[in-house]
Amino acid sequence: MVERSRDWLNQAERDAKQAQASLRDGFYEWACFAAQQASDKAVKALIQVLGGDVWGHSITALIDALPEEVRPHHLRDKALELDQAYIPSRYPNAHPAGFPGTMYTRLMAERLIEYAKEIVNYCQETATRVGRERQSKS
Numbered sequence: 001m002v003e004r005s006r007d008w009l010n011q012a013e014r015d016a017k018q019a020q021a022s023l024r025d026g027f028y029e030w031a032c033f034a035a036q037q038a039s040d041k042a043v044k045a046l047i048q049v050l051g052g053d054v055w056g057h058s059i060t061a062l063i064d065a066l067p068e069e070v071r072p073h074h075l076r077d078k079a080l081e082l083d084q085a086y087i088p089s090r091y092p093n094a095h096p097a098g099f100p101g102t103m104y105t106r107l108m109a110e111r112l113i114e115y116a117k118e119i120v121n122y123c124q125e126t127a128t129r130v131g132r133e134r135q136s137k138s
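Our numbering puts the first residue of the sequence shown at 1, with every later residue one more than the last.
These aren't lab readings, by the way, just hints derived from the structure by calculation. Bear in mind the structure is a predicted one, so any value in this text is a computation, not a measurement. Just so you know, even glycine gets a beta-carbon here, dropped at the ideal spot from N, CA and C. You may find that some hints are simply not true.
[Unchecked claim] Pair by pair, the computed Cβ-Cβ distance ranges are:
1. Thr128 <-> His74: 17 to 23 Å
2. Glu133 <-> Ala94: 40 to 46 Å
3. Gln135 <-> His95: 30 to 36 Å
[Claimed, not checked] As a list, the in silico EDC-like pairs of lysine to aspartate or glutamate whose alpha-carbon atoms are at most 20 Å apart:
4. Lys137 <-> Glu81
5. Lys17 <-> Glu125
6. Lys17 <-> Glu133
7. Lys17 <-> Glu3
8. Lys137 <-> Asp7
9. Lys117 <-> Asp77
10. Lys137 <-> Asp83
11. Lys17 <-> Glu114
12. Lys17 <-> Asp83
13. Lys137 <-> Asp77
14. Lys137 <-> Glu13
15. Lys117 <-> Glu13
16. Lys137 <-> Glu125
17. Lys117 <-> Glu3
18. Lys117 <-> Asp83
Start from the sequences and build out the full structure, keeping to the hints where you can.
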């Protein structure tokens, strides 16, 4: 497996910027989805730095798959909330009536963007630390 954590982190950063742009433009469902995607990709980057390979889009499951010494327990509840934006933010049939554009608010988007920032920052900092530790051992 080719180690591409930097690519995953770069895309996570772009997804976070897209979340901000969607928030600014009033597309709150897309802001929530982009926040979920930023978090998903950041955790995948960290798993790759640690030598793992993962599939799936549940941020909570990805966090749970991290080794205990780097698992961010303090971010798990935020991951659970971000996971709720993966499908319902995009598909009308995920709701009993209406469409995603009417189901998400500015407040929800702001909250999920903040959660995503915390997760992305944690993953970036931890990946950097792990990389330095590996270099010092070699």
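Against the structure, the hints:
no.	hint	result
1	Thr128 <-> His74: 17 to 23 Å	19 Å, holds
2	Glu133 <-> Ala94: 40 to 46 Å	42 Å, holds
3	Gln135 <-> His95: 30 to 36 Å	49 Å, violated
4	Lys137 <-> Glu81	38 Å, violated
5	Lys17 <-> Glu125	18 Å, holds
6	Lys17 <-> Glu133	30 Å, violated
7	Lys17 <-> Glu3	24 Å, violated
8	Lys137 <-> Asp7	24 Å, violated
9	Lys117 <-> Asp77	14 Å, holds
10	Lys137 <-> Asp83	36 Å, violated
11	Lys17 <-> Glu114	12 Å, holds
12	Lys17 <-> Asp83	19 Å, holds
13	Lys137 <-> Asp77	34 Å, violated
14	Lys137 <-> Glu13	29 Å, violated
15	Lys117 <-> Glu13	9 Å, holds
16	Lys137 <-> Glu125	19 Å, holds
17	Lys117 <-> Glu3	23 Å, violated
18	Lys117 <-> Asp83	15 Å, holds
Checked against the numbered hints given earlier, the structure breaks hints 3, 4, 6, 7, 8, 10, 13, 14, 17 and satisfies all the rest.
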